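Colleague: These are the residues of each chain, in order.
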Amino acid sequence: MSQHAEWEAVIGLEVHCQLLTKTKIFSGASTTYGAEPNTQADAVTLGLPGVLPVLNAEALNMAVKFGLAVDAQIAPRCVFARKHYFYPDLPKGYQISQYELPIVAHGHLDIEVGEQVKRIGITRAHLEEDAGKSLHENFSGMTGIDLNRAGTPLIEIVSEPDIRSSVEAVAYLKKLHQLVVFLGVCDGNMQEGSFRCDANVSVRRKGTEKFGTRTETKNINSFRYVEKAIEYEIERQIEVIESGGKIVQETRLFNPDTGETRSMRSKENANDYRYFPDPDLLPVVVTEADVARIRGQMPELPEAMRDRFMSQYGLSKYDAVTLTGERALAAYYEAVVKSSGADAKLCANWVSTDLLGALNKLGKDIATSPISADALAGLLKRIADKTISGKIAKDVFEAMCAGEGDADAIIKAKGLVQITDESAIVKAIEDVMAKNPDNVAAYRGGKDKLFGFFVGQVMKATGGKANPDALNRLLKEKLAG
Amino acid sequence: MNAPHQLSIRELSDGLRGKKFSSRELTQHFLKRIDTLDPQLNSLITVTAARAQRQAEAADARIARGEAGPLTGIPLIQKDIFCTQGVRTSCASQMLDRFIAPYDATIVEKLDAAGMVMLGKANMDEFAMGSSNETSWYGPVCNPWDLSRVPGGSSGGSVAAVAAGLAPVATATDTGGSIRQPAALTNLTGIKPTYGRVSRYGMIAFASSLDQAGVVARSAEDAAVVLQAMSGFDPRDSTSVERPVDDLVTGLNQPIKGLRIGLPKEYFAEGLAPGARACVEAAIKKFEELGAVIKEISLPNSPLSVPTYYVVAPAEASSNLARFDGVRYGHRAEGVKNLEDLYKKSRGEGFGAEVQRRIMIGTYVLSHGYYDAYYLKAQKVRRLIYDDFKRAFAEVDVVLGPTATDVAFKLGSKTDDPVAMYLNDIYTIAANLAGIPAMSLPCGFVDGLPVGLQLMGNYFDEARLLNVAHQYQQATNWHQQSPKGFA
Amino acid sequence: MSLSPEQVRQVAHLARLELKNEQVEHYARQLSNILGMVDRLSAAQTDGVPEMAHPLDMTQRLRPDVVTETDRRDVFQEHAPAVQDGLFLVPKVIE
Chain A
29 MSQHAEWEAV IGLEVHCQLL TKTKIFSGAS TTYGAEPNTQ ADAVTLGLPG
79 VLPVLNAEAL NMAVKFGLAV DAQIAPRCVF ARKHYFYPDL PKGYQISQYE
129 LPIVAHGHLD IEVGEQVKRI GITRAHLEED AGKSLHENFS GMTGIDLNRA
179 GTPLIEIVSE PDIRSSVEAV AYLKKLHQLV VFLGVCDGNM QEGSFRCDAN
229 VSVRRKGTEK FGTRTETKNI NSFRYVEKAI EYEIERQIEV IESGGKIVQE
279 TRLFNPDTGE TRSMRSKENA NDYRYFPDPD LLPVVVTEAD VARIRGQMPE
329 LPEAMRDRFM SQYGLSKYDA VTLTGERALA AYYEAVVKSS GADAKLCANW
379 VSTDLLGALN KLGKDIATSP ISADALAGLL KRIADKTISG KIAKDVFEAM
429 CAGEGDADAI IKAKGLVQIT DESAIVKAIE DVMAKNPDNV AAYRGGKDKL
479 FGFFVGQVMK ATGGKANPDA LNRLLKEKLA G
Chain B
31 MNAPHQLSIR ELSDGLRGKK FSSRELTQHF LKRIDTLDPQ LNSLITVTAA
81 RAQRQAEAAD ARIARGEAGP LTGIPLIQKD IFCTQGVRTS CASQMLDRFI
131 APYDATIVEK LDAAGMVMLG KANMDEFAMG SSNETSWYGP VCNPWDLSRV
181 PGGSSGGSVA AVAAGLAPVA TATDTGGSIR QPAALTNLTG IKPTYGRVSR
231 YGMIAFASSL DQAGVVARSA EDAAVVLQAM SGFDPRDSTS VERPVDDLVT
281 GLNQPIKGLR IGLPKEYFAE GLAPGARACV EAAIKKFEEL GAVIKEISLP
331 NSPLSVPTYY VVAPAEASSN LARFDGVRYG HRAEGVKNLE DLYKKSRGEG
381 FGAEVQRRIM IGTYVLSHGY YDAYYLKAQK VRRLIYDDFK RAFAEVDVVL
431 GPTATDVAFK LGSKTDDPVA MYLNDIYTIA ANLAGIPAMS LPCGFVDGLP
481 VGLQLMGNYF DEARLLNVAH QYQQATNWHQ QSPKGFA
Chain C
699 MSLSPEQVRQ VAHLARLELK NEQVEHYARQ LSNILGMVDR LSAAQTDGVP
749 EMAHPLDMTQ RLRPDVVTET DRRDVFQEHA PAVQDGLFLV PKVIE
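Protein chains in written order, with this note's numbering: chain A, 29 to 509; chain B, 31 to 517; chain C, 699 to 793.
Keep in mind the hints are simulated off the structure, nothing from the lab.
Wrong hints could be hidden among the right ones.
25 Å max Cα-Cα, derived DSS-like pairs, lysine-lysine [as the list claims (entries may be wrong)]:
| hint | chain 1 | residue 1 | chain 2 | residue 2 |
| --- | --- | --- | --- | --- |
| 1 | B | LYS410 | B | LYS444 |
| 2 | A | LYS422 | A | LYS389 |
| 3 | A | LYS463 | C | LYS790 |
| 4 | A | LYS392 | A | LYS373 |
| 5 | B | LYS295 | B | LYS315 |
| 6 | C | LYS718 | B | LYS367 |
| 7 | A | LYS422 | A | LYS409 |
| 8 | A | LYS506 | A | LYS488 |
| 9 | A | LYS111 | B | LYS410 |
| 10 | A | LYS246 | C | LYS790 |
| 11 | B | LYS444 | C | LYS718 |
| 12 | B | LYS514 | C | LYS790 |
| 13 | A | LYS274 | A | LYS246 |
| 14 | A | LYS504 | A | LYS493 |
| 15 | A | LYS419 | A | LYS389 |
| 16 | A | LYS463 | A | LYS475 |
| 17 | B | LYS367 | A | LYS161 |
| 18 | A | LYS442 | A | LYS422 |
| 19 | A | LYS146 | A | LYS238 |
| 20 | A | LYS493 | A | LYS477 |
| 21 | A | LYS422 | A | LYS366 |
| 22 | A | LYS161 | C | LYS718 |
| 23 | B | LYS287 | B | LYS316 |
| 24 | A | LYS203 | A | LYS256 |
These numbers were taken from a predicted model, which means no experiment stands behind them.
Given these sequences and hints, build the entire structure.
Modeller: In C-alpha cells, the structure reads:
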C-alpha cells in the first residue's frame, strides 16, 4: 500500500475471544473442544422449548479481568440482549449478546511499532454466546449442524478505528492475544477458533477527517492472514475509488488460498437484528467489592512483568520482552534463576536462546519441554560452580534434550568435569609449547595473535575441559617465559 | 357420599389415607369420565392413562407406607404448555404435534414428587395466545356450562376439564389473564401467583416477562394446596425468586374483618356488562358483611394496559418463537428448495393465524425505526401501570373488580376481530404487567352462565388472596355449582 | 398506524413466515387494526419514566462453572426432523 502515499487506511478490529470456562455461558454443558458432534449440546444449547439461561459466574469474572487488564470501565450494571437472525448454527433464532450496556467499555492497549508506542482505544468488550458450526461436506447434498460450540462464552473486543496499517493491526492483535492468554481467560488457539478476528477497513485521502465507507472482513484465523486480508482490502478499496467507483458497505470473506477477499452476497443484506433486553435474564450487577476481589486475582501483566525483569534481573529490554511473551515462559525463567543461583543474564541467554531454539526444533512448547526448569537450573549450576565451561555446557544440554539424563549424570558419564587442577593444566601447556617451538618463538617475538592458537591446542589436548580462566592465566605466564 | 369428582382435594386425600378408595380407583374413575365426557368438550390433547396408572400404583404404595403428603394419589391435568418427559408436549400447535419432550418442567417434577397422578395434557390456545381456546391446532374447547360457548383462554382445556369433573384440579398459565378469565367463564377458582413465584423452567415461553404458572380448581382451598406444592425457588430459572414460600393453607380460616378492599373505578366504568356488574356488586356487599372495609381507588393508567400488553407480549413472543425453525425438533415442511424456504414453509405451516399475527406484530415493533415508538414506549407505560398498583397497595390490602367484561361468548363470534378478542382481557392484563398475584373466583350467574370476581394482591401476597377467597367461599356457594350434564 | 401489504411481506420475511398472497391483504388489515389500538400509547405522558423490562426489581443470579450436563444426544435427536452421524441436517448452506 506504500505506493499510495496520498491514501490513509482506517482500521478497527473486532476480536471474538472464547473464554476458558469449563461450561457454557448459560448452561452446565462442557465446552471441551473436539467432542463428537452434538454430544455437548444440552437442552439449553439446543434451545429446546421451555429451557432458560442462567449466567456462568466464571464467564463474568473473566470478562471483568479482561476489562481491568485494558484499564477499562467495568459497568456496574450490564444487560444481556437478544440479537435476532435465522441461521441453522444459531439454535434459538437469536444470539444472547450485550448491546446498549456492555460489561466493559473505554479501555485501551498500547502497541509498539518500531520504536514508537501507540495507544489503540478499546471501545467495548461484551459477553455473548458463540454459535455452532456448519459442516459443508456432502451429507446427501445437505449441510450438517454441530452445536457443541454453541453457547461457549465469548468476549467480543471492539477496538476504536485507531489502527492505520496492517502492521499496526497485527501488533495490536498479537498484544491482545498475549494479554488474554496471560490472563488465563483464553487459550488463544487460533486454529481451533478460540481467538478470531474481523477487520473493519476503510480508506480516505490523507488530511480528510471523514471516514470512508467501510467493509467488514470476517473470521480471519491467523496473524498472517489478518495482515494479508487488510492489505488486500486497502489496495482493493483504493483501486475502486481511484477508478471512479464507490465502496459498498458489506461483509467480505477472506480466502487464504488466493489472499483475496470477496463479497458475501447473502440475501439478508439489510440485517435488522431487533435487539431487545433478554427477558429471561436480569440485569447483571458488578459491585465495587466484586471488582476489588477480581483485581486481587489478577496475575502480573506482561508489561509490568517486563519492567520488573529489566530492573530485578538487569535484563535488556529485548530479553525481557522475549521472556515475558508467555506466562509459562516467564515462570520457567524465574524458576531457573531461583533454583540455579546462577547469574540472571546467563539464565536469560540460556532460556531465550538455547531452550527456545531447541523447543522450536523439536516442535514443542514450554509446557511440553523435555527439559524442566529444575533440570536446566541443574546444568547452569555447574557452569556457575565452574564444574564445566559454557562450551561444554552446550554439549551437555544437547544430551539432555536427547533424554540422556540430568546434567550431573551426563557430566559424570562423559567425564566432562572441568580441569581446575592447575598442575594438570600447566603440564598440558608445557606439552603444547614443547611441540611448537617455532610458534613459541614467534609469539615471544611479538606475534600476540598466536595466543588463540595455544588456547585451542591446550583445549584440544584436554578434551575442552580445561578451566578457561585458569588456562588463560597460566598460558600467559608460561609464554612470557 | 358424593362421587369422587365432587369431592375437595382434602376429602380425596382423607379418603385415600382412610383407605375408602385407592389412587388407582380414583384414577380409573377420572379416566372413565374423560373417556365418556371429553368428546363433548375436547379439553384434552393427550390422555396419559398408562403413565397415570403407574403413578397411581406408586402413590398407593406410598400411602401404604404412611409416607403420603396432602397431594399423594390425587389426579390432575397438566396444561400442554409444560414439558413432560416422554409425553407429547404440543402447546396446541401443529409445530409441536410430534414433539416428545425429553425433560420435565420444574413444576411437573414438583407435582410428581408430591405424588400427584397426571391424567393427561390439557388443550389450550396455540402457544397460549388467545382468550377463547379457539386457536388450538386440535380444535376449540367447549364450555361445559353451554357447549356452544367458549371456555375462555388460553387455559380453556384446563378449566373445561376441571369444571366438568374430569379432574379435581389442573395446572394453567397466565400471561394476560389466561388463568383468571377462563376460570371466571367456567365457575372455577384460578390463581396466578406473583411473577417469579413458580418456576418457568420447562414451561414453553410465550412472553417471558409476563408468563406465570398457576392453578385452576373448584375452590380456593384446593387451589392453595396445589399452588403450595408448585411454588418455590428454582436455580434453573433466572427470574425465579429466592425467597421462602408462605404457608398458603394454614391461614385460610382467618377472619377478614377489617380487610381493606379497593375498588378501582376504572374497572366499573363502561364496558362491564350489567349482569356481570350486578354479580360483582353483590359480592362486594357480601365482603362488607364479612367485615371488610370497601374503598374506591383509582388505577388511572389501566386503560393503557391492553395496548401496552399488545406491544410487550408480541415482542417477546416473536423472539421466543424464533427457535421453532424445523431444524432440531418440531414441524418441518416437505419439499423445500433451500434453507430460507425450509424456515418460511415450516413456520408458515406450523403456526396458526393468531400466532402468526402476534409474531408479525412483535417483529414489527422491535424492528429498526419502530423500537422506540413502540417497545420503549410500552416499557415506560408499563412502569406507570406498576406505579398505579404501588400507590393502591399503600391504601388497601387487596384490589377487587370483575375478571371479565361479561359471561362466556359464543364460539366463533369474535374470531374474525382480533382487537375485540384482545379487549376481553382488559381487567386481567395489568396484573401481569405489574407482576402482582391475582385470582378469579365464582360470584354468581347470569342466565345460567358463571361470572367471576377478580382479586389482586400485593407482591407475594398469595396467602392473603387465598384467605380472602376462602372466607368468601365459606359464606357463599357459587363455587359449589356444577354444570348440568357433568354432575 | 397502518401496515401496507408490502410492509406485511417485509415483516413476514424478517420473521421467516411464508404467507400466501391472499393472506397478505387480510393480515395487513388485521395488523393495522391492532396497531391502531396500540397507538393509544402515544398519548401517554412518559417523559422521564424509566423503562420497566421486568416485573421484579431483581438482579441476575450466577451459576457456578461446574459441568452438570451429560451427553443425551440420542434422546434429543430421537425425534429430530433430519440427522446423520449425530449432525442435524439442513438444506445446503451457501455463503
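Colleague: Which hint numbers does the structure go against, in order from smallest to largest?
Modeller: 1, 3, 12 and 22
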